[in-house]
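Use these hints to put chain P onto chain G, whose structure you have.
Protein chains in written order, with the numbering used here: chain G, 1 to 166; chain P, 1001 to 1206.
Since the hints were derived computationally from the structure, they do not count as laboratory data. Backbone N, C-alpha and C define an ideal beta-carbon position, used for all residues, glycine too. Be a bit skeptical, because a hint or two may be false.
Selected chain G positions facing chain P (Cβ under 10 Å, derived; list incomplete) [what the hints assert, rightly or not]:
1. Gly-30
2. Ile-41
3. Ile-42
4. Lys-47
5. Arg-51
6. Leu-67
7. Glu-104
8. Leu-108
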Amino acid sequence: MTQEQETAFVQMIQQHQKLIYKVCSIYASGTGEKEDLAQEIILQSWKAYPRFKGESGISTWLYRISLNTAINYIRKQKRSPQIIYPEELLYHPGEPLSDANNEEYKLLQQMIAGLPPLDKALILLYLEDKTYKEMAEIIGISASNAGTRLNRIKEKLKQQAKQLTR
Amino acid sequence: MDIEQMKQLWNKLDTGLDKQQAINTELLKQMVKDRNTRSLSSISWMEYLGITVAVVVMMVFVVMLPKLGNTPLLIISYIISMMIMVITLVTGIYKLRHITPDDYSKRTVVEMSERIEKLRLFIAKEKIAALVSGPVMIAAFTAVVYKFVHDVNIFTNITVYLPRIIAGTIAYVILAALLYKQVYFRNINEIKSNLDELSQLKKGIV
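In isolation and in its complexed conformation, chain G is listed as follows (with noise of 0.2 Å):
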């Protein structure tokens, strides 16, 4: 990577930090896996930007690379043992939330953390208000699938939300 290359990507990802924290907190669990999922992420997309051309939007191809980060971060059986750092990378806000709003987090991440790796995605990329097209673009299915699929999640999360309320 050129120097030029090297300022481009320390700036994108500066940029698009809170995409990759929103990944990391919907895939993982604890501070310590958070913040290994995301050096992971910052790595694959190090490596790909090189090759990045600009035919799809930065933040499209960046969600493909966290996400296929992440997918691939948690069906890896044994894992390489994290390199601990003095400071986090990622600055992690303590309570970006109030009290009662962070109860409600709470229970946002439990329904969601029950949800299979490929839902989750499409789910993060709903609440990321990203349009059907996009989220094929991202996932690799059809438009149409993705709002029939994304349906099926919701009326899935209706039903968990009820039992984890009751």
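Just chain P, lined up with the frame of chain G:
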């Protein structure tokens, strides 16, 4: 909590995350450098190791071939050992070239998941094949190595070596049975159901 409430909450989280500090640039560069050096996945390392060992053993076996003699059982053992090395070599190259995940941006999430599941399925089946054929492999390899290293044909003095081979085989079979149960029932069933789910997702059957 309904889906709209979830979305509102998600947006609040998003606003909260806006207060995040920028990622530490130096730390990021250092991390990429450190992690890049150990980035080759454990699967790839195993494949490279397997390929290297197979190539080295094949070369040694070819060089040592004149020492083998004409005993049919030794020739069969030699052929089996060479076949094992060829299979190790071919499957290693296949896994590296065709199914080990590569550039994470090139493939969609469904394509990548399918690739990962196929790799897992291949590895699980490979493990089972190795476990089932283990006793034959051990016996054949032992016979060839004894001949090449000690110039001993174990088949002419089989009463001495047979108990050792049987003991090793029994231990191997017990281990194989335990591992088979774990690999097959835990992994393959799960992988197959994941692949079914992916195929249904692609076809639009939800």
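Hint-by-hint comparison with the structure:
Checking Gly-30 of chain G against chain P by beta carbon gives a least distance of about 18 Å; that is not within 10 Å, so the hint is violated. Proximity of Ile-41 of chain G to chain P holds as hinted, the smallest CB-CB distance being about 9 Å (cut-off 10 Å). For Ile-42 of chain G, the shortest C-beta to C-beta distance to chain P is roughly 7 Å, which falls under 10 Å, so the interface hint holds. Among the interface hints, the one on Lys-47 of chain G holds; its C-beta lies about 7 Å from the nearest C-beta in chain P, closer than the 10 Å criterion.
For Arg-51 of chain G, the suggested interface contact is upheld, since its CB lies about 7 Å from the closest CB of chain P, less than 10 Å. Taking 10 Å as the C-beta cut-off, the interface hint given for Leu-67 of chain G holds, the closest approach to chain P being about 5 Å. With 10 Å as the threshold, the beta carbon of Glu-104 of chain G comes within range of chain P, its nearest partner Cβ sitting at about 5 Å, so the hint holds. For Leu-108 of chain G, the suggested interface contact is upheld, since its CB lies about 6 Å from the closest CB of chain P, less than 10 Å.
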